[in-house]
Structure formats: C-alpha cells, structure tokens
Amino acid sequence: MAKPRNAESSQSIERLLASKEVIVVTGSGGVGKTSVAAALGASTATRLGGKVLVLTVDPARRLATALGLEAFGNVERQVDESLFVEAGFEAVGELWIAMLDTKASWDDLIVNHAPDSKTRDAILANKLYRNITGRFVQSHDYIAMERLHEIHTSGRYDLVIVDTPPTRNALDFLDAPERMADFFSSRLLRWLIAPARSKIVNRAAKPFTMVADRLLGAKFLTDIGEFFLLFQTLYDGFVERAQSVQRTLADQRTSFVVVTTPEPGPAGEAKFLLAELAKRDLSIGAVVANRMLPDAFVTRGAATSAKKLRGGAAELAETVSGRGIDADIAEGVLREIADRYDDFRLLAAQGAAVLEGLPADDAPVVGIPYLEDEIVNLSGVLELGEQLFTL
Amino acid sequence: MVPPTTPARSVSEADLQALLDHRLLFVTGKGGVGKTSLSAALARLAAQQGKRVLLGDLDGRGDLANAFESGPLSFEPTKVANNIWAMSMDTEASMREYIKLNLKIPMVGGVGPVASAFDFLASAAPGVREILTIGKYCYEVREQHYDLVIVDSTASGHIISHLGAPDALRELIRVGPLLDQTSWMNKILHDGDITGVVMVAIPEEMPATETIELRDRLENETSISRAAVIINRVLPELFSTAEEEVFDRIITGKQRAALVDHAGETVEAVLAGATFASNLRRSRTQHIERLFAEFAGADDTVVVVPQLFVRTEGLRVTKLLATALSEEL
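So the sequences go chain by chain: A and B. Take 31 as the starting number for the first sequence in the numbering used here and just add one per residue. Take 10 as the starting number for the second sequence in the numbering used here and just add one per residue.
Simulated from the structure, these hints should not be mistaken for lab results. There may be inaccurate statements among the hints.
[Claimed, not checked] Chain A residues, not near chain B, derived (Cβ > 10 Å throughout):
no., residue
1, 79
2, 244
3, 246
4, 263
5, 331
6, 380
7, 386
[As the list claims (entries may be wrong)] BS3-like mimics (lysine-lysine), calculated; alpha carbons at most 25 Å apart, straight line:
no., chain 1, residue 1, chain 2, residue 2
8, B, 109, B, 88
9, B, 328, B, 263
10, B, 196, B, 60
11, A, 236, A, 148
12, B, 328, B, 60
13, A, 338, B, 263
14, B, 263, A, 236
15, B, 60, B, 88
16, B, 109, A, 249
17, A, 148, A, 133
18, B, 328, B, 88
19, A, 337, B, 263
Backbone N, C-alpha and C fix where the C-beta goes; we use that ideal spot for every residue, glycine too.
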C-alpha cells in the first residue's frame with residue numbers, strides 16, 4: 031500500500047474525531063462512504079467515547095446491513111453494547127445510527143413548521159404532496175441537510191457523522207438549502223401560484239402562464255399552484271434554516287472527509303471535491319484512500335523475483351516435486367503466481383500514482399487496505415475503524 | 010445448477026444478438042461498477058455489426074467522452090467512432106428542442122425566456138424533467154434516427170423514477186401535450202423487444218444486493234423489461250482444486266525455501282500477493298453464485314466480464330471490454 035504522505039495521519043484522524051462535532055463523509059458512488067462513516071463512528075465509540083450518531087442518507091439500507099441490524103428507519107437507534115463485546119471491543123461511548131427516510135422527514139418538517147394545523151393538514155392531504163416532495167429540486171439532498179441541522183442543533187450528540195447521498199455530483203447536497211430558498215423566492219413561483227389566488231394574471235407572467243398551460247394543462251397547473259400556495263407558508267422557515275445549515279457547514283466544528291479509491295474515476299471526483307471544498311473555505315479533515323492493494327505489490331525487487339519464478343518454473347517445479355506434488359501442476363502454479371503478481375502489481379502502481387495526484391494540502395491522506403473479506407457486521411466495521419486509527 | 014467456483018456460461022451468440030437487437034438500452038448499476046465503459050463497449054459491438062448507435066447519459070455529467078477519447082460532448086450528437094454518435098444530456102437544450110417540436114407557441118425574443126420558465130416548471134412539477142430526458146431518447150428511437158440508443162444511466166435507485174415518470178405523470182395530468190407524450194413514450198418503453206435495462210454488478214455484497222433489489226423494483230413499479238445482467242470485474246480463477254493443493258503445500262512446506270533460493274527473498278512478497286489474489290477471488294465467488302442463482306435460473310441473460318488488468322478508462326478499455334463481451338457471449 032502506498033505510504034500515507036502525512037506520517038501523523040492516524041493522530042490526525044483521532045484529533046479530528048475528538049475535536050469536531052459534525053463530520054461530512056463525501057466521495058463518488060461505490061467508494062465505501064457508508065463503511066467509512068460507520069467505521070469512524072464505531073471507533074469513536076470504542077476509542078474516544080461520547081455519544082456519536084452516524085446518519086446515513088443513502089436510500090439503500092447499506093448501513094443497516096453493515097451493522098447487522100434489522101431494517102431501521104428515520105428513528106435514531108443505539109447499537110447494542112453487546113454487539114461491541116461480541117466483536118471483541120468495549121464501547122466507552124454510545125454509537126447511534128439513523129437512516130434518512132425522505133418521506134418521513136418531509137412529514138416531520140411539515141408537522142413541525144406549518145404555521146397552523148389547518149395548513150398542516152391541507153399540505154399532508156394534498157394529492158401532489160408526495161409526488162412533489164419526493165422529486166423537486168433535489169428534495170432528498172435538501173431534507174438530508176434539514177435533518178442534519180435539526181440533529182446538530184438539538185444537542186443530543188457529541189459528534190454527528192453524515193454519509194452523503196450517491197449523486198454524481200457529490201456537492202449537490204451542499205447547495206441544496208440555498209437552491210431551496212431560491213426556489214421559494216422565485217418570481218416564477220409567484221406566477222405559478224397566481225392563478226390559484228386570483229383571476230387577474232400579471233402581464234409579465236403571460237408568456238410563462240401560456241407555456242405552462244399548454245404543456246401541463248390548466249387543471250394540473252391549478253393543482254400545482256394550490257400546493258405551492260400552501261407550501262409557501264413555510265418559506266421563512268426554509269430560508270432561515272438554509273442559512274443556519276450553511277453556517278453549520280462552514281463552522282470550525284464541522285469538517286469534511288473525502289473518500290476515494292485508487293482508480294482514476296473516483297480519484298478525479300475526489301480531486302474536484304477537494305478543490306470545491308477549498309474554494310468554499312470549508313474544512314477538509316482527511317482524505318481516505320480506500321481499497322489500496324497490499325504492500326506486497328509495491329515491494330522493491332519483488333518484480334524481479336516474479337520474473338525469476340516464471341523463468342525457472344520448469345526447473346523449480348522439478349525441485350519441489352515429489353511427496354504428492356506433481357511437477358507439471360507445480361510448474362503451472364508457479365507461472366500463475368508470477369503472472370497474477372504482475373497483474374496486480376500494475377494496478378497497485380497505477381493506484382499509487384493516482385493518489386499522488388490528489389491535492390490534499392494539509393489534510394492527512396489515510397490509506398485503507400483492500401479487505402479480502404467484505405464488511406458485513408460490526409466486527410468488520412470496527413476492524414476498518416482500527417485501520418483508520420492506527421495506519 | 011451452478012458449479013461452486015466457475016459460473017455457468019449460459020449465454021450464447023443468440024443471446025448477444027437479442028441484446029443488441031433492442032432499440033433502446035438503459036445501462037444501470039451502483040456507482041463504480043463500470044456502467045460507462047460497458048455502455049461504450051456495447052455500442053462498439055453493435056457498431057461493428059453495422060448498426061448506427063447513439064450513446065447518451067441522463068444528467069450531462071457522464072464520462073462517455075473519456076471512453077472514446079473524444080472532446081467534450083454536447084446535446085448535439087458528435088460522431089466519436091465509426092457508426093457511433095455520443096451526446097451529453099442537457100435539460101435546457103432538451104426543453105428548447107421539445108418546445109420547438111411540440112408547442113406551437115409564437116416565440117417573441119427567441120426561446121430563451123420560455124426555456125427558463127420551462128426549467129422552473131420542470132423543477133416544480135413532478136416528472137416533467139424525467140419525461141424530457143427519457144423523452145429525448147424515446148424520440149430518437151421513434152424517429153429511427155439510430156438503430157440502437159444506449160443510455161449510460163444514473164445509479165440504480167434513480168433509474169426507477171426516470172423510467173416510471175410517464176406512468177407517474179399520467180396519474181396527475183388529464184390533458185395536454187405532455188400526456189400525449191407519455192402515451193407514445195410508454196409504447197416504446199413497455200415493449201420488451203424495443204427497450205431493455207442492462208443491470209451491471211460487480212461481485213461484491215452491496216452491488217449484487219442492489220442489482221437484485223433493482224430487478225424487484227423494475228418488476229413491481231414499472232412495466233420495463235430487463236435485457237441482461239452483466240457481472241463486471243470478475244477476477245480470474247487462479248487455481249483448480251489440484252493446483253490449489255499444490256499451492257498450499259508449496260507456500261507452507263519446505264518447498265518455500267527452494268523458491269527463496271532461486272528467486273530471492275522478495276519472492277515472499279510475490280507469494281503474499283498470490284495468496285491475496287486467491288483469497289480475494291474466493292471471497293467474491295459467493296456473489297457470482299448468488300447473481301447466477303437469482304438471474305440465470307430465471308432465464309435472464311447473464312454475462313461475466315473479467316477484471317482487466319489495464320488502465321481503467323479510455324478507448325483502449327472500451328475496445329478490450331467489447332472483445333471480452335463478445336468472447337463471453
């Protein structure tokens with residue numbers, strides 16, 4: 031495995047988890063964000079203590095599976111201490127997990143923030159409500175930020191670790207609060223709502239209304255207008271919380287962990303993320319390079335050994351044959367060992383080169399070895415956490 | 010039945026032909042499984058048969074340009090190889106085209122302001138954006154501009170809302186051009202001879218699980234057919250059972266010393282590497298078996314694509330993958 035560039039990296043991971051209140055884990059899809067988020071949370075519970083929440087916003091129930099728990103929903107649940115004991119660890123703190131359920135979170139938001147019970151019931155009963163909240167303006171990203179804000183400001187936890195949604199642009203969620211606020215203050219939204227409110231149509235709105243009408247039909251348009259008219263009563267709250275979420279993300283107590291694999295695609299995305307985070311002046315806590323091939327593949331001189339093994343395969347096979355070892359089979363095995371070594375050596379060399387291209391600045395780069403066995407329970411999560419702390 | 014280590018090669022040339030004879034393929038799967046490279050490889054195979062192929066994505070953020078080493082792509086298809094054109098989705102451009110083709114609205118001052126109004130509507134009204142994105146590809150199929158349209162689609166979860174958008178919208182609107190649009194789109198999308206979903210997995214826990222979940226959701230929530238399952242990045246099987254035994258004896262017995270004598274101390278790293286590769290392959294096998302049990306048994310076309318030990322992107326990989334696909338089939 032390529033050496034982390036910062037020798038103090040494990041201390042830095044420890045320092046990060048000890049000093050921050052919010053950690054946002056981001057990176058492109060399939061790099062292991064959920065596992066890393068879970069590992070950071072679990073190891074904080076065993077090594078540092080405190081009350082830690084891992085919030086996963088991935089619609090797939092990955093963390094539930096990873097933690098060996100039954101399907102769990104929007105409710106925050108504590109991972110049982112006995113699971114730590116079974117895995118051979120002692121939890122000095124508490125590990126809690128929650129999965130973002132978009133539908134339930136929207137319902138909570140309406141219930142908590144509607145101006146009165148009449149509006150609340152009208153929104154919840156609106157037939158477009160589900161369809162619209164399920165889709166519009168990255169509502170999933172928005173609700174994730176809304177939930178993070180609610181949890182963080184509740185003061186229920188010492189540390190909240192957020193696993194971000196698998197969008198192609200991993201930064202969409204950062205912009206979601208602002209985009210939501212923009213949407214609600216838009217002139218076009220007022221025009222859309224206007225027909226629901228009065229018969230008099232603003233002259234400037236005419237072309238818009240005409241397109242909308244042609245496209246969607248008057249009835250559908252009225253339905254949408256009615257819905258947003260109700261929804262607009264929540265507008266002040268949206269703007270206020272959007273600003274508050276932005277403050278939380280920019281706060282010193284928040285940090286970002288960028289996860290990548292040593293492949294060009296994910297590493298390219300990581301590079302983009304690091305640049306964007308820096309541009310926004312957000313704190314980068316660490317870069318985690320997941321699935322690094324073992325050191326064996328970058329050992330100096332080993333390539334020569336592989337070559338000798340291949341070159342002398344026939345002769346060596348004779349030497350090691352006997353006692354139930356067939357010389358022909360042995361020769362094939364020796365060649366295969368050498369060939370496979372070369373294959374993986376190529377990947378390992380590429381991986382190391384790809385990682386060196388990451389502009390991590392002061393953030394530590396922590397490598398995690400490619401695990402032969404996959405993470406399917408708390409024990410696996412904790413093992414991963416140990417790697418993060420001790421590498 | 011599936012033998013314990015080597016997956017059954019249940020696909021034939023006829024299966025490949027059936028796959029490529031679709032008119033519209035959506036290639037989907039969890040992030041990082043190789044959707045883009047495989048979309049490009051499929052396009053190449055079809056193009057080699059003389060088919061005119063359009064390749065596109067759903068969100069304009071795809072990496073198709075890389076697969077052909079072409080310059081940046083735009084909404085207007087660019088020829089990237091013989092018989093292959095590639096485009097990048099741009100909802101605004103798609104809206105402009107839609108307005109031009111479908112809404113007979115006199116444009117004062119061009120389409121510009123109307124398109125931005127439209128963009129807003131697409132954000133506010135459920136399903137509209139998806140209709141325009143998927144609609145663009147359905148339109149290309151309907152007009153027979155290409156023999157095959159391949160869409161390098163978003164991750165598994167989102168494809169359902171895209172493909173189900175015409176149905177969702179039909180429940181909400183009663184009249185208008187969008188309603189008409191949903192009916193001809195559904196005719197294309199719901200015809201299994203025309204449209205199919207190619208589900209890409211790699212032999213790991215979550216990608217395999219998500220593929221099975223996607224199959225269930227496609228069945229329960231849409232009327233769209235599956236075209237194939239591709240198991241990508243399958244590691245080569247190192248040893249047969251007899252070889253495995255010999256390998257174990259060599260690395261645990263006295264024979265190891267002979268290897269060190271011959272090839273030097275660093276042969277230890279080579280042996281450690283081979284052990285790693287062997288264990289990795291073994292731990293992944295269960296997922297190949299699981300996918301085979303779930304799909305091959307149900308008469309799906311299941312294609313196994315080996316891990317390529319080369320650079321992981323670019324035209325070279327597209328070519329190698331196309332070769333691997335055709336050899337497998």
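| field | Contradicted hints - numbers only | value | 2, 3, 5, 6, 9, 11, 14
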